Amino acid sequence: MDEAFSFVFLMLASTLRVATPLVLCAMGGLFSEKGGIVDVGLEGKMLMAAFFAAATASVTGSAWAGVAAAVIAAEALALLHGLACITYRGNQVVSGVAINILAAGLTVVLGTAWFARGGQTPPLVGDQRLMPLFLPEAGDNVLVYAALLSVPVTWWIVARTRFGLRLRAVGEMPLAVDAAGLSVAWLRYRAVLLCGLLAGLAGAYLSIGQNAGFSRDMTAGQGFIALAAIIFGKWRAWPALGACLIFGLLDAVAIRLQGVRLPGLGEVPVQLIQAMPYLLTMFLLAGFIGRAVAPKAAGVPYEKER
Amino acid sequence: MQALTPAAAAIELRGIDKSFGVVHAVRGVSLRIEPGTITGIIGENGAGKSTLMSILYGLYRADSGEIWVGGQPVEMASPRDAIAQGIGMVHQHFMLIDTFTVLENLILGAEGGPLLAGGLAAARAELARLARDYGLSVDPDARVADLSVGEQQRVEILKVLFRGARILILDEPSAVLTPQETDRLFDILRTLKERGVTVVLITHKLREIMAATDRVHVMRQGQIVAERRTVDTGSEELAELMVGRKVRLDLDKVPVGQGEILLRTEHLSLVDDRGVRLLDDIGIELRAGEIVGIAGVTGNGQSELLQVLAGIRAPSAGRFTVCGHAIDTGHPGDPARMRELGLAHVPEDRLRQGMVAAFQASETSILGYQDGPPFTRNYLLDGPAVGAHCAELMERFDVRPRSPGLRSSHFSGGNQQKLVLAREIARRPRVLLVGQPTRGVDIGAIEFIHRELVKARDSGCAVLVVSVELDEILSLADRILVMFAGRIVGEVEPRRADERTLGLMMAGAQAA
Ligand SMILES: Nc1ncnc2c1ncn2[C@@H]1O[C@H](COP(=O)(O)OP(=O)(O)OP(=O)(O)O)[C@@H](O)[C@H]1O
Ligand SMILES: [Mg+2]
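Which chain is which? The protein sequence lines are A and B, in order. Note that the numbering used here numbers the first sequence so that position 124 is 124, with each residue one more than the last. Note that the numbering used here numbers the second sequence so that position 454 is 454, with each residue one more than the last.
Keep in mind that the hints were calculated from the coordinates and are not lab data. Any given hint could turn out to be false.
Across the chosen pairs, the derived CB separations fall in these ranges [to be verified]:
1. B/Arg427 / A/Ala159: 48 to 54 Å
2. A/Arg236 / B/Ile261: 50 to 56 Å
3. B/Ser316 / A/Val260: 49 to 55 Å
4. B/Ser148 / A/Ala294: 24 to 30 Å
5. A/Ala294 / B/Ser30: 28 to 34 Å
6. A/Lys296 / B/Ser148: 18 to 24 Å
7. B/Gly299 / A/Ala294: 24 to 30 Å
8. B/Asp98 / A/Glu267: 49 to 55 Å
9. B/Pro73 / A/Val109: 55 to 61 Å
10. A/Ala294 / B/Asp272: 49 to 55 Å
11. A/Lys296 / B/Gly275: 22 to 28 Å
12. B/Gln370 / A/Glu303: 22 to 28 Å
13. B/Phe186 / A/Glu303: 31 to 37 Å
14. B/Lys455 / A/Ala159: 54 to 60 Å
Just so we're clear, the structure is a prediction, and the values are computed from it rather than from any experiment. Built from N, CA and C at the ideal position, the CB exists for glycine as well.
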């Protein structure tokens with residue numbers, strides 16, 4: 001009995017640990033997409049943030065300085081995305097992909113130049129990391145709680161506030177927002193900046209919370225999984241959380257089953273389990289599991305004749 | 001709102017000028033609108049009416065000129081400025097967010113605080129008051145997407161009133177309304193006027209100008225060419241001022257002998273995903289050389305009938321034959337195949353179904369006919385041939401401006417319609433389906449389009465016209481079918497029909 005309990009507990013804890021960056025990223029992406037700006041660059045923002053968090057923490061010795069640096073780094077990329085997509089009305093997917101490539105390259109170059117460890121930062125110890133608050137074996141650092149809190153907050157902002165209403169409107173029909181005397185660009189910039197904030201926290205969690213340092217490409221596609229979670233959650237906060245938890249659980253299961261041989265089946269195909277988030281999202285998009293309707297103006301630059 | 005001295009005009013425009021690239025849309029327009037009146041603005045398609053109003057509302061910026069509101073010069077840099085001046089606009093294309101409720105649409109931009117709850121409650125109360133005062137009722141919690149066009153427009157007007165506007169601009173408000181809804185709208189406008197609201201009304205319907213306005217301004221090619229007090233003028237004069245020549249809307253149609261049956265439907269039915277019966281056992285016949293008009297209040301299955309016949313939607317039951325080829329649930333048609341069979345379709349919603357807004361006019365002019373010669377050779381589009389074809393259509397159908405290279409969305413509504421119509425008619429189809437042939441079209445163009453449709457009929461084409469304009473149906477059609485709740489509820493001969501009996505049938509009151 002006790003053993004079963006501890007197994008479930010560990011499974012849950014590990015699910016939560018894996019899901020934390022997904023949740024933060026998904027909530028960030030939700031703000032951006034609700035406002036009509038598609039964000040393929042979540043991955044890149046998170047990676048950049050992870051690097052700056054670890055680098056700053058190792059130099060200053062403070063985990064909090066690391067978190068601040070992570071947020072600043074992610075916001076810088078968010079602004080870049082905003083500039084390209086909102087001010088210059090560029091293609092949002094292209095800009096997002098460019099940010100991913102930029103982050104992947106820049107983190108390695110800077111890491112090698114500063115720390116000369118093949119792109120890694122020095123291992124972090126003690127106060128350089130965010131430590132578990134209550135349950136050491138669960139790894140429940142402050143950002144895990146921040147992630148859990150971000151969901152009701154996101155829901156509340158989107159559903160219950162003036163900003164949320166305007167955000168939803170600008171993602172559906174920017175022309176109507178303009179005609180109502182509101183600034184389309186300013187609303188979208190705020191959406192993009194909120195996204196940067198949350199992606200920054202997600203990055204910090206990866207390198208100074210969950211792990212003890214930055215290693216190259218450490219985000220490993222989690223930004224895309226978060227994107228999938230947004231779609232899976234049909235652009236709503238609570239369902240997106242659900243998707244993140246399912247994806248997190250799949251990952252936790254995949255880690256546990258690594259190398260395990262099942263009688264009759266042979267080695268468990270872990271890759272298949274890891275591909276599940278994408279497969280499930282494809283099924284959803286193909287219309288097998290309900291219908292996912294994106295904000296109507298998402299991905300479309302707002303142009304008007306002046 | 002600032003106090004108006006009696007002498008001050010509600011709005012005064014001085015020398016407003018605006019060009020879009022090479023198109024000089026508004027040329028030095030000066031205009032005075034008196035407070036507490038209903039002022040009409042009429043003019044041909046592309047005359048610059050919408051552009052002028054967009055400038056007044058701050059959506060576009062004038063190249064030069066001044067705007068005075070209530071005796072003060074004002075800078076209209078964005079709609080925010082216009083709203084601050086008490087100006088509200090109901091746009092030709094609605095500015096409503098489909099996924100929002102009526103209440104949410106209402107408060108957007110005027111939420112009354114950072115949290116929604118308070119604003120929504122206040123708006124609900126205010127909405128009830130407006131509903132009482134002006135007789136404008138809508139369900140505050142309905143999603144806009146679920147409302148009829150007439151109700152959506154009511155939401156637009158409510159939005160403007162909710163912001164306390166004292167000046168209301170309406171751009172072709174009745175283009176998408178049924179006659180009943182239009183009557184309601186004009187009642188509302190009169191009530192507004194009694195309460196001191198200044199109304200500016202853009203429309204192509206001279207009947208509405210004569211019935212509702214105090215003054216009327218006529219625009220042609222970007223300029224105001226005449227101004228009249230409504231009591232001093234009449235429809236004929238206005239029509240002539242607008243087009244610059246006499247307009248005759250009566251058609252002299254010579255009766256033609258009955259031709260062979262080109263389109264026949266048998267027990268045609270359509271049921272949607274939710275199980276709603278949109279078409280119910282439709283049986284019609286369409287012969288070569290006749291125009292059959294379908295009258296009915298919007299939303300009684302006319303659109304669906306056109307979609308099924310054009311091959312866009314597959315019927316749920318029944319069958320139909322086009323020029324001898326059967327289409328049924330087992331052998332669904334598709335628009336390309338229907339075209340091959342000689343059926344052409346001018347869709348009701350030209351913007352979404354008739355063209356690709358971002359395409360050049362020349363590309364729109366071959367849309368659906370792009371494969372094969374003369375437009376495609378060796379898998380490549382023949383640009384010059386397409387351009388020449390478009391130029392020819394533009395000449396023949398008087399599409400303005402005559403620029404095959406201009407984006408389709410940059411043409412005015414009426415000219416878009418002419419372009420789509422030109423494309424379909426020029427193909428000399430055997431069966432021609434036309435939805436709302438003259439929606440948003442000026443009377444010069446109405447005259448022209450009607451003549452083209454009659455010409456097609458005289459040359460042996462079978463024409464099916466769906467229109468909410470009873471006048472149009474009455475003057476065009478050789479036979480009139482009335483649709484109600486997805487069924488054909490009666491057939492009348494135009495000579496023996498009048499608007500009243502038709503109206504009753506359309507309301508489902510009786511079946512002939
Ligand atoms: N954004 C734009 N870019 C380029 N040209 C434009 C644009 N908007 C309008 N035009 C052109 O300006 C002219 C005036 O257009 P406008 O829409 O004001 O006409 P309108 O009087 O409202 O016509 P309609 O009755 O058909 O609605 C037209 O020739 C149109 O093609
Ligand atoms: Mg117009």
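Evaluated hints:
1. B/Arg427 / A/Ala159: 48 to 54 Å: For A/Ala159 against B/Arg427, whose Cβ atoms are near 51 Å apart, the range 48 to 54 Å holds.
2. A/Arg236 / B/Ile261: 50 to 56 Å: Holds - the Cβ-Cβ distance for A/Arg236 and B/Ile261, about 53 Å, lies within 50 to 56 Å.
3. B/Ser316 / A/Val260: 49 to 55 Å: holds (52 Å)
4. B/Ser148 / A/Ala294: 24 to 30 Å: With a Cβ separation near 26 Å, B/Ser148 and A/Ala294 satisfy 24 to 30 Å, so the hint holds.
5. A/Ala294 / B/Ser30: 28 to 34 Å: This hint is violated: roughly 46 Å between Cβ atoms.
6. A/Lys296 / B/Ser148: 18 to 24 Å: 21 Å Cβ-Cβ, so the 18 to 24 Å window holds.
7. B/Gly299 / A/Ala294: 24 to 30 Å: holds (28 Å)
8. B/Asp98 / A/Glu267: 49 to 55 Å: The hinted range 49 to 55 Å holds for B/Asp98 and A/Glu267, with Cβ atoms some 51 Å apart.
9. B/Pro73 / A/Val109: 55 to 61 Å: Hint holds: Cβ distance 57 Å, inside 55 to 61 Å.
10. A/Ala294 / B/Asp272: 49 to 55 Å: violated (23 Å)
11. A/Lys296 / B/Gly275: 22 to 28 Å: Taking Cβ atoms as reference, A/Lys296 and B/Gly275 lie about 27 Å apart, which means the hint holds.
12. B/Gln370 / A/Glu303: 22 to 28 Å: holds (26 Å)
13. B/Phe186 / A/Glu303: 31 to 37 Å: Cβ of B/Phe186 to Cβ of A/Glu303: about 36 Å, so the range 31 to 37 Å holds.
14. B/Lys455 / A/Ala159: 54 to 60 Å: holds (57 Å)
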